[in-house]
Amino acid sequence: MTNDRKPFLLGPISPAAAGALYQQIVDRVKREVSEGRLKPGAALPSFRMLAEDLLVSLITVKRAYEELEREGIIFRRQGLGTFVAAQGHDRSREAKLSVAEELFREAAREAAEAGLKPAEILELATNIIKGK
Amino acid sequence: MNDNAIEIRGLVKTYFPFRLGALDLTVPRGAIYGLIGPNGAGKTTILDLIYGMGRNEEGEIRVLGFDHQRDAVALKRRTSYVSPELNFDVWGSVGRAIRFVRGFYPTWDDAYCKDLMKSFDLDAGARIAWLSFGARTKLSVLLALAHRPELLLLDEPTTGLDAVSKQQLFAELLRIVEDGERTVLISSHNLTDIERFADHVGMIRHGQLLLEGRMDEVVDRFRLAEFFTENNAEFANRDGFIVVKRNENRWQAVLDQERGVADWLQKSGAQNLSLTRMTLEDLFVALAREKEAV
Amino acid sequence: MKTIVLDHIRRWWWLWVLSTIACTWIVGFGSPLKPDLSNACFPLAMYLGVVQLSQDLMRTDLRRVLRSMPVSNRQIGRAWWWASVGVPGLLMTLIVGLVLVASRYYGKQPLSLEAARNFLVGNTLLFGPQFYFFSRIPSLGSFKNGRSQLLGFLFSLLFMATTFSMIYFYRIFPPHTLAWKCFVAAGSALTIASWFGAEAFARERLESPPLRPRSDQSMPRWMRSNKLADRSMEGRGGMWFLFKTIFVRMVLMGLTMLLIGGGAFRVTQWLTNTFSSMAIQADLQVLIFLTQMLFWLILWQTMKASLHIRFLRTLPVPATSVAGTLIFAPVAAMLVVTVFATLVFAFLFSNLSYNPVELWRHGSLLQMSLAISVVPIVVWRGFDLFAGALVMAMVIGGPVSALLLKQHLQFDLLTHVVISAGLILTAFLASTWLLTHSSKTYRPRKNQFGGRHFGVAS
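Residue numbers (our numbering), protein chains in the order written: chain A, 1 to 132; chain B, 1 to 294; chain C, 1 to 458.
Source of the hints: derived by calculation from the structure; they are not laboratory data.
Keep in mind that a hint or two might mislead.
Said to hold, decoys possible - Derived DMTMM-like pairs: lysine to aspartate or glutamate, alpha-carbon spacing no greater than 25 Å straight-line: (1) B/Lys114 with C/Glu234; (2) A/Lys62 with B/Asp3; (3) B/Lys267 with B/Glu234.
Stated by the list, open to error - Examples of chain B residues lying across from chain A (beta carbon under 7 Å, computed): (4) Phe170; (5) Leu174; (6) Arg196; (7) Ala198.
We treat Cβ as the ideally placed atom computed from N, Cα and C, and that holds for glycine.
Please model the entire structure based on the sequences and the hints provided.
Structure follows, in structure tokens:
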């Protein structure tokens, strides 16, 4: 029993949810990494294992891994497998930040279109963050 | 070694008034290939011709490098066919059906067969006539898998299967293609499943191949375009552009991004153009209806 | 009610037409055996009576449709009665009446009124008892306890006896005897009883569990699964196994039916010997008739095997091998059955004068190859209306014409062998060609085989 090797568990993904299937996998892995459930250096399951686990085509998993690798969140070692990169945590945090920024921008635009003034938008945001 | 499990070139077959082809189809080795198309598009005809049920008038079918007519037996030894429509009643019990089929394949794997019987809950003594529809499909799958075919052809396999059995089936299919050597071709109307499990997709309509390629690329290529027009500009279907719905000056259309129609649209007076991702199902419905709309 | 009767006739019209033609011919031109009708009997009730209804009832979808229609059980029951007893009876009366009138004007030897009356009474009074006995057989779904199983067995036996008794009807019940009077009394009583029992019959059939239950828990234990079958996976498989399965089942079925048919004949012979002056002779004619009916009946096993042609075509064997099995397994079985037939005959009637060669020389080989020719027809068309009508016509016409034409078929054995071999070879080549050149009949979602037509899949 090793404590540093937590079992790998990604939530269910579905074509009905928003975004392409591979994008959903990318997002889930990023969340696992940024929330610390996947530590740097931890091994990820092989394409095939993950495909069987999530019941999606190989091509979807492959594409998700390629995307994650491109963003520097994971790296591949020939013959050894796929691992979370040392800077993966920061990278996925950066990635998450940029997603958050994008969503905020979108929210601000929607609010502006609904006729809210900047001060009102700010108030709305504060209320949401405080959980009202 | 050939990289394609199935190569169909210039295939033509006429069942008056239906005409298939001329059709080209390429199923890469190691893939799960989803063959989709409206009812009567010719999916079953393709599968029939591969198995020599009916003769094609023109064209060539090569399966695993074998000519489908000259090397019919060698081809069939390495492939399997699954359909809920297959009838095994004559065998009486599940065990006798297994015994019959096992005799054909030197590659039959008894241990695997036992595993499958267990996971599909099929008892050797069970009477086939009393099996439920889903259980008959499972029997067909079992008989097809247990000799570990290099190519598996499934014709509407999920009809009548409950959600659990369906997941079981797809998990099994994913395991088959694990080593990258075995290939699965699946024809189905359940497009959510196809989008999820298939690596490649081919869509046929009226006996013609409409599009073919990697699933993610095909789905990414098309977008649902929403826009409105002033000055009563009219848009008709054209290459890479299919109108889905129209309500006065509001439009919804499917847009092929490889054809550069977005620019054309904006030049022609489309306003507030927004593009959203489509599921395979939405895309299918739009493409299948294209001809009717014109 | 009228709708149900009309629907029934519309679906079975071809059998009605065929039977009417055959029946008119027999009544009009006398029996194949004797010209004065005293011995004539066309087994109309074998085709028209409740037999059709029994085929319909095997199809659960028909029952589902009827159950959802706004008609009472009484209406349905009485509609069934009209379709299986009333209308065929009227048809028979019409045929006999027309022939009687026609023979007055055109016949060299006018049909006597008495002969016509006896023929009419004898034949029409069979429909009612047949319907009554059939209606008392509990439906398969309610075969739960020993009592209903026993009743089912008893009434099935009576039903079969009524249906097949007409072949030797006037020998069992010669007119002007006590047996005849008993028959008329019992026949009338059962016809009336069948009318009043029709409602209960409809209720029982429509409300009983379906023939193919969703879970098999409602079936008796022995029907569900047997422990022996757990070892059924062992042994040599492949095409050889299909050949063996068809062959063994046909031979067993043939042997069983020979014993039942021969036994029933033996009992009848004893009865007529004891109670009436017209004793039945167990002669070559009987043997030929019994054997040749059998060919058609045991061919059913091949039909069942042709249900999975689509699957057979995906297996790694050439089309010749599939066609060969479907053709030559029944040929082998039928040849063996003719040998058994002479053995059973010798055993039951202590008559050692017949051998298989004699049977073959008297048309058995031709009959056999005619039966085999159904295989390519089924490969070609499935069990559609055309194929069904053709098969039925051959089933009716084959054995009868063999009896009629036996004077004209006096070839030597070699001619029989050559003609039959030619027919069988043609059937084989035709099947092979059809298997590779068309998949029309065994394409999925077409349901020629999948349905319960002609009771094949049940």
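Hint check:
Straight-line distance between C-alpha atoms of lysine 114 of chain B and glutamate 234 of chain C comes to about 13 Å, which keeps the hinted pair within the 25 Å bound. Among the hinted pairs, lysine 62 of chain A with aspartate 3 of chain B is consistent with the structure: their alpha-carbon atoms are about 19 Å apart, no more than 25 Å. Between lysine 267 of chain B and glutamate 234 of chain B the alpha-carbon distance is near 13 Å, which keeps this suggested pair within the 25 Å criterion. Among the interface hints, the one on phenylalanine 170 of chain B holds; its C-beta lies about 6 Å from the nearest C-beta in chain A, closer than the 7 Å criterion.
Hint status for leucine 174 of chain B: holds, given a least beta-carbon distance of 5 Å to chain A, under 7 Å. Residue-level restraint check for arginine 196 of chain B holds (minimum Cβ-Cβ distance to chain A is 5 Å; threshold 7 Å). Given hint, alanine 198 of chain B at the interface with chain A, holds; its Cβ is 6 Å from that chain's nearest Cβ, closer than 7 Å.
Consistency with the previously given hints is maintained throughout, with no hint failing.
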